[in-house]
Amino acid sequence: KQEVTQIPAALSVPEGENLVLNCSFTDSAIYNLQWFRQDPGKGLTSLLLIQSSQREQTSGRLNASLDKSSGRSTLYIAASQPGDSATYLCAVKEYGNKLVFGAGTILRVKS
Amino acid sequence: EPEVTQTPSHQVTQMGQEVILRCVPISNHLYFYWYRQILGQKVEFLVSFYNNEISEKSEIFDDQFSVERPDGSNFTLKIRSTKLEDSAMYFCASSQDSALRNSPLHFGNGTRLTVT
Numbered sequence: 061k062q063e064v065t066q067i068p069a070a071l072s073v074p075e076g077e078n079l080v081l082n083c084s085f086t087d088s089a090i091y092n093l094q095w096f097r098q099d100p101g102k103g104l105t106s107l108l109l110i111q112s113s114q115r116e117q118t119s120g121r122l123n124a125s126l127d128k129s130s131g132r133s134t135l136y137i138a139a140s141q142p143g144d145s146a147t148y149l150c151a152v153k154e155y156g157n158k159l160v161f162g163a164g165t166i167l168r169v170k171s
Numbered sequence: 005e006p007e008v009t010q011t012p013s014h015q016v017t018q019m020g021q022e023v024i025l026r027c028v029p030i031s032n033h034l035y036f037y038w039y040r041q042i043l044g045q046k047v048e049f050l051v052s053f054y055n056n057e058i059s060e061k062s063e064i065f066d067d068q069f070s071v072e073r074p075d076g077s078n079f080t081l082k083i084r085s086t087k088l089e090d091s092a093m094y095f096c097a098s099s100q101d102s103a104l105r106n107s108p109l110h111f112g113n114g115t116r117l118t119v120t
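Going line by line, the protein sequences match chains A and B. Reading the first sequence from the start, the letters are residues 61 to 171 in my numbering. Reading the second sequence from the start, the letters are residues 5 to 120 in my numbering.
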């Protein structure tokens with residue numbers, strides 16, 4: 061059974077810092093990996109999707125990498141801003157249709 | 005940008021009552037999903053729906069749950085007889101054609117269901 065783990069559970073950084081969020085998964089038989097952002101009481105906003113054949117994807121200040129064989133992904137956020145404060149969720153899409161989510165990393169960027 | 009919309013945003017119901025949660029997926033999407041998130045826990049898959057039938061469901065999705073696409077635009081989740089443990093945030097999601105297995109899921113803002 062696929063298990064997705066995210067480290068750290070929470071992170072507090074001063075504005076302007078570069079930071080890395082980690083995600084690991086136990087079964088490498090995946091189609092893709094998605095990073096989402098969740099604001100309190102809101103839905104999930106898709107940030108980046110990395111296909112299983114890809115190594116990384118970039119969008120603005122965000123860069124996500126995938127090492128499928130070792131079951132790891134990282135989300136790199138450059139020059140963090142207070143508006144980046146949210147919960148960041150990692151999810152893998154298995155052979156089928158469902159996403160399996162991690163518990164998330166709660167990020168707080170202090171101004 | 006097109007988005008998935010869910011109504012109501014918050015639903016309070018008494019144990020044993022039936023509830024219907026409603027969703028309008030993005031118009032050109034063909035795959036539809038329900039997920040739920042119990043407070044403080046992970047987001048969990050409930051069911052996926054394609055071509056007017058369930059394509060996959062989790063063990064959570066028992067006989068108390070059903071899904072329907074009644075009119076070509078709405079996608080509903082019905083809980084027949086709610087239990088206290090059904091209290092959660094329910095998210096609807098949609099994605100493009102199943103052939104594009106790498107198309108991202110787009111989520112709605114959720115319906116917070118409170119069972120008293």
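Quick caveat, the hints were computed from the structure, so don't treat them as lab data. Where hints are given, some of them may not hold.
Calculated Cβ distances over 12 Å to all of chain A for the following chain B residues [what the hints assert, rightly or not]:
(1) 7
(2) 14
(3) 15
(4) 23
(5) 70
(6) 77
(7) 87
(8) 93
(9) 110
Here are the in silico distance ranges between beta carbons for each label pair [claimed, not checked]:
(10) B:76 - A:139: 25 to 31 Å
(11) B:64 - A:127: 28 to 34 Å
(12) B:118 - A:67: 27 to 33 Å
(13) B:57 - A:68: 37 to 43 Å
(14) B:64 - A:168: 39 to 45 Å
Restricting the straight-line Cα-Cα distance to at most 20 Å, the calculated cross-link-like pairs of lysine to aspartate or glutamate (DMTMM-like) are [claimed, not checked]:
(15) A:61 - B:48
(16) B:46 - A:116
(17) B:46 - A:154
(18) B:46 - B:63
(19) B:61 - A:99
(20) B:46 - A:63
(21) B:61 - A:144
Just so we're clear, the structure is a prediction, and the values are computed from it rather than from any experiment. Ideal Cβ placement from N, Cα and C applies to all residues, glycine included.
Structure-based check of each hint:
{"no.": "1", "hint": "7", "result": "violated (9 Å)"}
{"no.": "2", "hint": "14", "result": "violated (10 Å)"}
{"no.": "3", "hint": "15", "result": "holds (14 Å)"}
{"no.": "4", "hint": "23", "result": "holds (19 Å)"}
{"no.": "5", "hint": "70", "result": "holds (18 Å)"}
{"no.": "6", "hint": "77", "result": "holds (19 Å)"}
{"no.": "7", "hint": "87", "result": "holds (23 Å)"}
{"no.": "8", "hint": "93", "result": "violated (8 Å)"}
{"no.": "9", "hint": "110", "result": "violated (7 Å)"}
{"no.": "10", "hint": "B:76 - A:139: 25 to 31 Å", "result": "violated (45 Å)"}
{"no.": "11", "hint": "B:64 - A:127: 28 to 34 Å", "result": "holds (31 Å)"}
{"no.": "12", "hint": "B:118 - A:67: 27 to 33 Å", "result": "holds (32 Å)"}
{"no.": "13", "hint": "B:57 - A:68: 37 to 43 Å", "result": "holds (41 Å)"}
{"no.": "14", "hint": "B:64 - A:168: 39 to 45 Å", "result": "violated (31 Å)"}
{"no.": "15", "hint": "A:61 - B:48", "result": "holds (14 Å)"}
{"no.": "16", "hint": "B:46 - A:116", "result": "violated (25 Å)"}
{"no.": "17", "hint": "B:46 - A:154", "result": "holds (17 Å)"}
{"no.": "18", "hint": "B:46 - B:63", "result": "holds (15 Å)"}
{"no.": "19", "hint": "B:61 - A:99", "result": "violated (27 Å)"}
{"no.": "20", "hint": "B:46 - A:63", "result": "holds (11 Å)"}
{"no.": "21", "hint": "B:61 - A:144", "result": "violated (34 Å)"}
Checked against the numbered hints above, the structure breaks hints 1, 2, 8, 9, 10, 14, 16, 19 and 21 and satisfies the rest.
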